[in-house]
Every structure is written in C-alpha cells, then in structure tokens.
Amino acid sequence: MSEVVLQLEGLRKAFGALVVTDGVDLDLRRSECHALIGPNGAGKSTLIHQISGLLSPDAGRIAFEGRDVTHLSQAERAVAGLGRSFQITSILPEFTVLENVALAAQMRDGSSFRFFRPAAREERLNARAMEALGIVGLGPRAGLVASHLSHGEKRLLELAIAVAGEPHVLLLDEPMAGMGRAESATLTETLRALKARYPILLIEHDMEAVFSLADRVSVLVAGAIVASGTPDEVRVDARARAAYLGEDHVAAP
Amino acid sequence: MSTTLILIQVLNGLQLGVILFLIAAGLTLVFGVMGFINLAHGVQYMLGAYLAVWLYGATGSFIAAFLLALPLALVLGLVLEFLVFRHLYARDHLSQVLATFGVILFLNQLVEVIFGPAALTVEVPQFLDWSFELVPGLLYPAYRVALIVAGLLVAAALWYVITRTRVGMLIRAGATNPEMVSALGVNVRQLFLVVFGFGAMLAGLAGVLAAPVFSVEPGMGDDLLIVAFVVIIIGGAGSIRGAFVAALLVGLVDTLGRTLVTDGLRLAMDASAANQIGPAIASMLIYVLMALVLFWRPEGLFAAKVTR
Amino acid sequence: MSDEAQPLGAAPAGPRPAFGLIVAVAIFAALALVPLVSGVWGGGWLTSLAIRAMIFAIVAISLDLLLGHGGLVSFGHSAFVAIGAYATGIMITEGVYEMALILPVAIGAAALFAVAIGAVAMRTSGVSFIMITLAFGQMVYFALGSLAQYGADDGLTLWSAPDVFGTSWLASETGVYVTVLGVLVATWALVHAVVGSRFGRVLRAARQNPTRVAAMGYSVTRYRLVAYVIAGVIAALAGVLWAVHAEFVSPSLGSWQRSGDLIVMVVLGGMATRNGALIGALFFVLIEEALSSITHDWRLIFGPMLVLIALFARGGLAGLLDRVQGPR
Chain A
1 MSEVVLQLEG
11 LRKAFGALVV
21 TDGVDLDLRR
31 SECHALIGPN
41 GAGKSTLIHQ
51 ISGLLSPDAG
61 RIAFEGRDVT
71 HLSQAERAVA
81 GLGRSFQITS
91 ILPEFTVLEN
101 VALAAQMRDG
111 SSFRFFRPAA
121 REERLNARAM
131 EALGIVGLGP
141 RAGLVASHLS
151 HGEKRLLELA
161 IAVAGEPHVL
171 LLDEPMAGMG
181 RAESATLTET
191 LRALKARYPI
201 LLIEHDMEAV
211 FSLADRVSVL
221 VAGAIVASGT
231 PDEVRVDARA
241 RAAYLGEDHV
251 AAP
Chain B
254 MSTTLILIQV
264 LNGLQLGVIL
274 FLIAAGLTLV
284 FGVMGFINLA
294 HGVQYMLGAY
304 LAVWLYGATG
314 SFIAAFLLAL
324 PLALVLGLVL
334 EFLVFRHLYA
344 RDHLSQVLAT
354 FGVILFLNQL
364 VEVIFGPAAL
374 TVEVPQFLDW
384 SFELVPGLLY
394 PAYRVALIVA
404 GLLVAAALWY
414 VITRTRVGML
424 IRAGATNPEM
434 VSALGVNVRQ
444 LFLVVFGFGA
454 MLAGLAGVLA
464 APVFSVEPGM
474 GDDLLIVAFV
484 VIIIGGAGSI
494 RGAFVAALLV
504 GLVDTLGRTL
514 VTDGLRLAMD
524 ASAANQIGPA
534 IASMLIYVLM
544 ALVLFWRPEG
554 LFAAKVTR
Chain C
562 MSDEAQPLGA
572 APAGPRPAFG
582 LIVAVAIFAA
592 LALVPLVSGV
602 WGGGWLTSLA
612 IRAMIFAIVA
622 ISLDLLLGHG
632 GLVSFGHSAF
642 VAIGAYATGI
652 MITEGVYEMA
662 LILPVAIGAA
672 ALFAVAIGAV
682 AMRTSGVSFI
692 MITLAFGQMV
702 YFALGSLAQY
712 GADDGLTLWS
722 APDVFGTSWL
732 ASETGVYVTV
742 LGVLVATWAL
752 VHAVVGSRFG
762 RVLRAARQNP
772 TRVAAMGYSV
782 TRYRLVAYVI
792 AGVIAALAGV
802 LWAVHAEFVS
812 PSLGSWQRSG
822 DLIVMVVLGG
832 MATRNGALIG
842 ALFFVLIEEA
852 LSSITHDWRL
862 IFGPMLVLIA
872 LFARGGLAGL
882 LDRVQGPR
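Protein sequence lines, in the order shown, are assigned to chains A, B and C.
Under my numbering, residues 1 to 253 are what the first sequence spells out, in order.
Under my numbering, residues 254 to 561 are what the second sequence spells out, in order.
Under my numbering, residues 562 to 889 are what the third sequence spells out, in order.
It should be emphasised that the hints constitute simulated quantities derived from the structure, not laboratory data.
Don't be surprised by glycine CBs; every beta carbon is placed ideally from N, CA and C.
Wrong hints could be hidden among the right ones.
As the list claims (entries may be wrong) - Away from chain A, derived, C-beta distances all over 10 Å, residues of chain C:
hint, residue
1, L594
2, T685
3, V739
4, G757
5, Y784
Stated by the list, open to error - Short derived list, chain B residues pointing at chain C, Cβ under 7 Å:
hint, residue
6, F335
7, S348
8, Q379
9, A410
10, P532
11, A544
Start from the sequences, fold in the hints, and give me the full structure.
If you want it as structure tokens, here you go:
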C-alpha cells in the first residue's frame, strides 16, 4: 500500500444544530484518485472547505504530508501544497485568462512583495501559466478576459489555476459541474493525465467520470462515510446503493 | 475627585448614552436588515433638533413641539427614503456612501440657509426647569433626569416591539437572514420602509430631546453619527440589545474619561503635562475601546448575523 | 462577446496605456505652465489654487490604490494628511526646521498609525471597514483638536518655512510649486508601477475574489495592510506639503468631511483608471472654487450632484474619456 499524503481523523463540523460533517475519517494516498460521492447536501463541499481551510472543523485533525495542518489558514495550506478548485466557479473575472493563471504561478516563484516591475511582462510567470493552460486545453483563450469565457471554459480555468499553483495534491470540487457530455469526456481524459502527477481527491456527480478515474471511492451520506473501497466494491455495496447509487443510476440516461 | 462629581459624570454619561442609543438603534436596524450604510442618519437627529427649535418657538409649548416633531421627523425620513435611499439598497456600499454623503452636505447647508450658521438654544420646558437634590448639596437638572428616563422608556418599548410583536419578529429575522424573510413571502420593501421610518423617527426623537441640552447647529448630527457607528461596531450590527449596552458603555467611557484620565495622569506626572496630554488621550478612549472589542470579537459583542 | 482571442501577453483590460500616458503628460505640462501664466493674470491666486489641487491629487491617487485597486473603502484617509501636516507643524514649532528630519518623522508616524489601524480594520470587511476607518479618522481629528499646546481646535501657524538640507528652497512659492508638482508626478508614476507589479496584481485580484486569492496561497490581509501603509504614507507626505504651502495646520485637515471629499474625487474621476484620481481631484477643486464663487451655499448644488453621480455616473470622468476614445 502506498504512502498516505492526506489524512482526516474524526472530522466534525456543525452549523447550529445541523451536523454537516459527522466524524469523517478519510485518507488520500500517493498517485491515486480518491473519489468522494454522495447525494446533494451530504456535506461534500463542506468537507473540501475544511481540508482547504476555508472553514475550520469543530473537532478532528487534518494531517498533510505528515504535518498537522488543522490550524493553518487557507493561504498557508495552499503554500503547503493543497491546491483546490471550487464547485461554484471562482475565478478573477476582470483579469485575462493568462493573468488568472500567472497569479497562481506567481505564488511559487519567489516573493510577491515586489512593487515596481510590471508583473504582466514577467516571461517566466507567463510561460508557467501557458503550460498550465496547455494542460487543460485553454491555451488559445489566454488573452481573453476571464468573464467572457463560456461556462465550460471557466471550469477548465479553475483547474488550470489549481495546477499552476504547483500543488502536491489536488482537491477538485465537482470539476464537471454544468458541463456538457463532450466537455466532460475531454476533461476526464485531462484528469486521467493529471492523476499521474498529483494525488486527486475528487468530488463529482458524473458517475461515468468517477468510475473511470477513481482508484478508490468513498460514499458520504449526511456527513458520514457509509462505504469505502474500490469502485467495484462500492458499486455492489448495499449501503452505498441504498443511499445513493440506486436512485442516481435509474435517473441517469 | 469627589464621589459627587463622579455621580454627576455618571449621569451625564447615561444621558449621552441614551441619545446615542436612540440614534444607533435605527442605524443598526437599517444596516442589519437592509445592509445599507446610511451616513445621513445623523441628519435625522439634526432635523429633530431644528424641528424642536421651530415648533417650540411657534407653539410656545414643548409638549406640543415634541408631539408635532415626531410625526414630522417620520415624514422627512420617509421623503428621503422615497427620493434617494430606496434607489440605493441594491447598490454597492461605495454608492451608498457617496449618495448619503451628498444628502448630508445638502441638508446641513439647507439648515444653515434657513436657520443661520449660529448655534441656537432651546429653553428647558418650564415644568422641568428645576433640580433634583440627588444627595445633600448635589443638584441635578430635572430635565436631564427626564431625558435619561425617556430614553430608557423608549429602549424598553423598543425591546417589547422587537421581541414580542410580529413586526419585531420579522425585523429580527430580517437582520439575521434577509433571504429567508423574503422567501416567507413577506413584503421586504414594506418591512424596509417600516424599519427606515422607525429609525428616522427615533433619531428625530433624540434630536428633540437633546435640543434643550446641547446647542443646535448645522452639522450637529455628524460627529454623533460617527460615535453611533462606534456603538454599532462594539454592539454588533443589527442587534438592538448590543446597541443599548454599547451606547451606555460608550456614553459612560467618554464622559467619565474626560475627567478621570487627566486626574489619573496627575498622579503619574506633573499637573501641566497631565493637563496637556489628558484631553487628547480621553478623546481617544472610545476608539481604543472599539479597537479592543474588534480584536477580541470582530463581529461585535452581540452580533445578530448568522455567520455561515 | 468577442470570439477571437487576443495575442499572447496582451495588455490587461483598460484603455491603451499610451493614451493614458498622453493624457497624464498633457495634464502635468499644463500644470507646469501655471506659474508662468499666473505671472500674466491671476497672480498668486491661481498658483495657490493649483498647489491645492495638486496636493489633493496626490492624496486622491494614494486613496485610489485602496479604493479602486484594493476595493477597500477607507473613509479615514484625511487623517493621514493631518498626521503629516501636524508632524511638520509640531516639529517647526519645537524648533526643528530641517526637512531631512521632519520627513522621516511624518512618514514614520503615518506608517505606524496605518499598521495599528489597518491591523484592526482588516479584521472586518465591507460596511464595518468603512465605519471603522471613519471612526479612527475621527479619533485623530479629536486628538489633534485637544492638543492645547499646539493650538487645539484653532490650529497651528507655522512661523517659518522648513529648510531642505540647509537651503531655503521651500521658502519661495516657486520652490513649493515645483516640489509639489514633482511629488505629484512621482506619486502618479509610483502608484501605477505598484498597481502593475506582482504586489499590485495580488491586491487587484483580492478585490475581485479574496477567497480565490487566499486559496492560491496569498494571505490577503497582509497585502491589503501593506497597501494601506503605502497609501497612508503618501497621504502624509501630501500633508507635509500642505503644511509648508499653507503655513498653517488645523484639525479640520483630518475631518471626516475631507475624507468624504477625497472619496468623491476618486469616484468623480473614475476609480482604478490610469488618470481618474488625478483628473477627479483637479476637477473637484475647480468645481468647489467655481461653485463657491457663485454662492456661499454651494453645497446646495454640490450635494444633489453627488447623489446623481452615485446613482448614474459611477464610471467617472475617465470613463467618459474612454468612451470618447472608443472601444478597445
């Protein structure tokens, strides 16, 4: 069994009386894609928010590469190597596509407390950004203002931003949300290529993508993991089917 | 420092506190329910004071002036709401700041044109123009005691409205979660109008009550408005209870600080140095208090908003 | 919606830089000509007006770094002007006439204040940030007004101009004029360099989407705090110039109305544009001068104007210029 890079132990989070994360234990290993699935409202995004530091858990521990990061800020965790994408597109709408990604690359390239040299003309940053855009296939759109991208392209930009930050793991929150079938298929192939470079914790509703990409699948229902295993194991797991897969498979075309 | 002097300062502090509360109550609701920053709220206070000047002069009766000023303050508030503010609710905070700043400039100048730039005074009404003997040898004006009592009565009434009536429940819900209130099918526009008019009237009331105590002059509401912001920050946006506690706290700290700081410094340094530095430090106390609260609880003592 | 992608490394959104540069150079050239023209007509009045306008332009440009580029609505910016002016006034009153000593003290005081206030104010955002900066600005105003030994509310007259490395360069109006213009040009250049730099990029990004920027690994608060200090120091520098020019300082320099005026200047000119704050400040001083020469009660006109601007014309004058120039 390969090395664990990210480990959640007994994570709990409640909003008032509503328990959204109920004692979650989860790990992510080197060079695997671990998919987290579950019905809407199961607490998947809340979990990603706690891992990335946008929310802090009420109890439990998050260890990343052997280091306790539970009390680090969002920015500190990103510096440590936790890169993420957002379920609801979160980009810099007034910047060009290139600048969006160059800003992410800038984080890994020395200090950002530099006040005089025009950042837009820093070739190294732009080259890194172009490389990340090339991976997701957005190279030709680099000069466009990001708000002018199509929805699917914005999802790709999300991914490019995460990749350009040179993360050690990728936390992807429904990267295919709102995408068409063809776009999803292309993105699945892109993610398959990325999998070789980064361990990926993937939240996704597109079951076709999940079962073709994931090495392991965990099912989250009402804030708790009810089943976990290889895709084939989870596919036949009674609790997983009852909670989630059954209805979704019927609904899927 | 004698205890009687401290007692007087405590009463003066309470007096400032209740006036601050009357201004901050409307402001914090308007801010809490509508997310609207209204710099021109201090103008309502000034208008209340000028209405008192005008109506007291015209009728010769403070009671009559008082009773007429309140509905007029309400109407003026609603007119401003109709002409300017309602177009700003959906705008960003910068637009709100700019437009309400424009309203302040206009109304301060208008008042100056009508009543002149000089500070005016309002006579204390005759039936309250006497003094209490609080402790032997210490007289305190009855009007000021009445002001404090009136302020506390309004606070109690407000507490009743907010916690025990349907409108109050909606206002509380609106301050906590505006989306939910509109989802319940409540006419939010109408609720805003009620809150706004109510807040304007309370500020007007503060102006009427303050007129016989403070001097009435153009721009008198602006400095107090900023102190009311301090009250809201300390108390927590949208919280009436927070506004009440913070207003009394700020009133007391400011008033007591002005005498105690200099006296305290005299113990540590020579008198003339203390006399020079003391007032500067005293004037900063409430802001330091605000900074401390922010550091300890960035959302204020009694925050109404649910943090997601 | 444009379909064709622009070439790589294309300029960021906004008007062509060259056009903005031409406008700025034209404005600076016109300002440089003022002392020559005022010899013919207007005399001291025109020079003095231009100095005032330029000092406000310096402050407005610094405020735009926060307001336009950083999205931080600071309503206490005039406090920094007052701090710079009082540092100058107090030191001259105490017998220190050397600018090489006054300047570091003024800058240091402003930077310290900015760090202290900023650290508290940055704990909140939105409306709370506005109220807190407003309140701290008022604190400075009252604190300065209670300095009995330095004129209290009535202010402080500077009986002598400061020396610059032993020379009396700032004793003549021409010297003051050239210095103020020089600082204005330098401020304009500096702020635009900062905006385009790595630091400025983080700051501008944080205005659009602070959560995303934090998720990229940037501690947004630190960048904002540094911007707050830079803007405060520049404003204090303008305050020093004000004290030298007016030979008088008073707490009203730091009044909250002044802070409001500064915001108006930036919005009037157009936020986060190359020349908006500059044009807005010059325009504001001219309007104020023109309206107040028509009527003492000029705010009766100016107040409603602000309401209309807030409701209908947020692009500002620079927005109009862009429209004249045509779409990109």
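Hints, verified against the model:
1. The Cβ of C:L594 sits about 30 Å from the closest Cβ of chain A, beyond the 10 Å cut-off, so the non-interface label holds.
2. With a closest Cβ-Cβ approach of about 17 Å to chain A, C:T685 is found to remain outside the 10 Å limit, as its non-interface label requires.
3. For C:V739, the condition that its CB be more than 10 Å from all CB atoms of chain A holds, with the nearest at approximately 25 Å.
4. Look at C:G757: its CB is around 5 Å from the nearest CB on chain A, not clear of 10 Å, so calling it non-interface is violated.
5. Interface exclusion of C:Y784 from chain A breaks down, the closest Cβ pair being 8 Å apart, not more than 10 Å.
6. With its C-beta approaching chain C no nearer than about 13 Å, B:F335 sits outside the 7 Å limit, and its interface hint is violated.
7. For B:S348, the interface hint holds, the least distance from its beta-carbon to any beta-carbon of chain C being 5 Å, beneath 7 Å.
8. Contact between B:Q379 and chain C, as hinted, is not supported at the beta carbon level, the nearest pair being about 35 Å apart and thus beyond 7 Å.
9. Taken as an interface hint, B:A410 does not check out: its beta carbon lies about 27 Å from the nearest beta carbon of chain C, beyond 7 Å.
10. For B:P532, the interface hint holds, since its Cβ comes within 7 Å of a Cβ in chain C; the closest pair sits about 4 Å apart.
11. Against a cut-off of 7 Å between C-beta atoms, the interface hint on B:A544 holds, since the closest Cβ of chain C lies about 5 Å away.
In the structure shown, a violation is registered for the earlier hints numbered 4, 5, 6, 8, 9, in ascending order.
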